[in-house]
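**Student:** One letter stands for each residue in the lines below.
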Amino acid sequence: MVVNAEQQREVLNQYGFEMLSLCQSQLEKAKYAFVNHDSDLAEEVINTEKRVNALDLKIEKDCEKFLALYNPVAIDLRFIMAIRKINFDLERIADHAEGISRYVVEENKAVELSLLEALKFETMFETITSMFENITVAYDEKDVKMARKVFKKDKVLDKINRKSFKLIEAEIRKNVEITGQALILFSVIKKMERVGDLIKNIAEEIIFYIEAEVVKHKKKK
Amino acid sequence: MEITMKPSIKRMKTVESVFDPSLKKVPKIDLQGVKVWYDDFMAIKGIDMTIKQNSITAFIGPSGCGKSTFLRLINRMNDYVDGFKMEGKIKIDGDNIYKKKVNVEELRKKIGMVFQKPNPFPKSIFDNVAYGLKIQGIKDKQFIKERVVSSLKQVALWDEVKDDLKKSGMALSGGQQQRLCIARTLAVEPSIILMDEPTSSLDPISTAKIEDLIFQLKEKYTIVIVTHNMQQASRISDYTAFFYLGELIEYDKTKTIFTNPEKKQTENYITGRFG
Chain S
1 MVVNAEQQRE VLNQYGFEML SLCQSQLEKA KYAFVNHDSD LAEEVINTEK
51 RVNALDLKIE KDCEKFLALY NPVAIDLRFI MAIRKINFDL ERIADHAEGI
101 SRYVVEENKA VELSLLEALK FETMFETITS MFENITVAYD EKDVKMARKV
151 FKKDKVLDKI NRKSFKLIEA EIRKNVEITG QALILFSVIK KMERVGDLIK
201 NIAEEIIFYI EAEVVKHKKK K
Chain F
1 MEITMKPSIK RMKTVESVFD PSLKKVPKID LQGVKVWYDD FMAIKGIDMT
51 IKQNSITAFI GPSGCGKSTF LRLINRMNDY VDGFKMEGKI KIDGDNIYKK
101 KVNVEELRKK IGMVFQKPNP FPKSIFDNVA YGLKIQGIKD KQFIKERVVS
151 SLKQVALWDE VKDDLKKSGM ALSGGQQQRL CIARTLAVEP SIILMDEPTS
201 SLDPISTAKI EDLIFQLKEK YTIVIVTHNM QQASRISDYT AFFYLGELIE
251 YDKTKTIFTN PEKKQTENYI TGRFG
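If you're matching them up, the sequences are chains S and F in order.
In this text, residue positions in the first sequence follow my numbering: the first is 1, and each later residue adds one.
In this text, residue positions in the second sequence follow my numbering: the first is 1, and each later residue adds one.
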């Protein structure tokens with residue numbers, strides 16, 4: 001049976017959605033493993049990374065096939081351009097989840113709760129979860145308004161990240177023995193901040209796909 | 001000694017100094033309120049359009065949408081079709097070509113046409129290209145020869161046929177025949193060239209050659225092309241007009257039509273969802 005462009009696009013759309021769900025789940029598991037020092041769960045995240053990579057390659061190949069066979073234009077072209085970038089950003093998010101999980105496997109004990117609280121780690125993660133929910137709805141329902149919501153939320157992450165250096169420094173001064181933990185937490189916060197940037201990129205791509213508007217590098221309210 | 005520094009970059013010409021302002025005032029082709037009937041059937045339902053000089057404009061749309069009828073209005077090719085009736089004005093360089101006093105043969109000297117299937121005459125390559133000049137009454141052999149050579153060079157056929165200009169035009173390949181027909185059109189130096197699916201019967205290599213040629217011809221001529229090939233329209237044209245059921249649905253820069261068309265119908269057609 002000949003698969004027409006619309007059917008092929010729908011298949012790609014489904015793969016994109018699967019990638020989105022998988023990467024969100026990877027990040028959630030990595031966070032849980034990090035906070036609770038659950039090395040089994042961390043191992044699961046590391047092992048699942050292979051599935052993420054396989055899906056990444058599958059989407060990449062299907063995009064290439066779509067471009068070669070269907071010569072997409074207009075909304076089809078924007079979709080294919082967007083899905084490639086979204087896929088790339090999601091794969092990077094999954095890489096960060098894997099990186100966080102590796103800390104858990106390599107370290108002997110959990111990061112002090114007080115340290116997590118001081119750095120507003122939970123707020124940071126809740127914000128990321130909410131941003132993920134926004135782009136999931138935006139992607140699924142082609143809802144540009146929902147996509148735009150992440151821009152404001154990303155600023156929350158940037159703020160926490162900016163303050164983290166001084167806070168970590170202060171915590172280390174209080175108790176030098178936590179230096180190792182503090183440095184790991186600092187690194188994880190940096191990763192979370194990058195995840196926020198990647199989600200923002202995804203939101204920009206969704207807007208481009210639906211409205212043909214390039215919002216990249218523009219000041220957002 | 002005082003050293004004076006001069007700017008190394010020469011002052012660039014302004015747009016105004018490069019552009020001939022007269023070109024901006026009168027469009028090359030101006031179609032106003034055009035309606036066409038074939039007996040009771042209304043093929044064109046009132047279209048306004050202006051076509052700029054030295055541009056390539058592609059007409060796209062499903063079969064029967066009126067794009068070929070619209071194209072053929074520009075050189076009055078529909079005049080002899082039974083039951084043809086037209087309303088509206090079509091101006092070329094500001095002059096209405098449907099006025100009674102217009103000499104249609106003279107008009108067609110200004111407007112060349114290339115058809116879907118190459119249609120060389122059963123004559124030599126030389127005579128094919130010289131044909132238009134001869135029927136215009138030109139007898140200067142040297143002039144005719146020069147024009148034949150320059151036309152064949154313009155269509156990049158010269159190197160392929162220069163050693164055998166007496167060979168029949170019918171003996172050339174399909175792609176060469178189509179370039180020969182374009183050379184025949186160019187020989188009489190029109191200012192507009194109409195092309196009705198000029199590559200639909202050609203292989204991809206011949207198509208690419210014709211497309212390159214069309215792109216180069218833009219410098220001297222105003223080109224209007226009907227095509228069913230979306231990629232061809234997007235590759236070579238500056239403007240694209242989408243027709244559907246005798247109406248002009250959308251007319252814009254080709255880049256806009258193929259990246260972000262305004263109308264849903266246009267988007268559905270160019271993405272292959274209908275038509």
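For the record, the hints were derived by calculation from the structure and aren't laboratory data.
What you are looking at is a predicted structure, and each value in this text was computed from that prediction instead of being measured.
Glycine included, C-beta positions come from ideal geometry on N, C-alpha and C.
Some hints here could point you the wrong way.
Stated by the list, open to error - If the Cβ cut is set under 8 Å, some of the chain S residues that face chain F in the computed set are:
1. 67
2. 68
3. 71
4. 75
To be verified - Residues from chain S that face chain F, not an exhaustive set, calculated with beta carbons under 7 Å:
5. 5
6. 73
7. 169
8. 170
9. 212
**Student:** Any of the earlier hints contradicted here, and which numbers?
**Tutor:** 1, 2, 7 and 8
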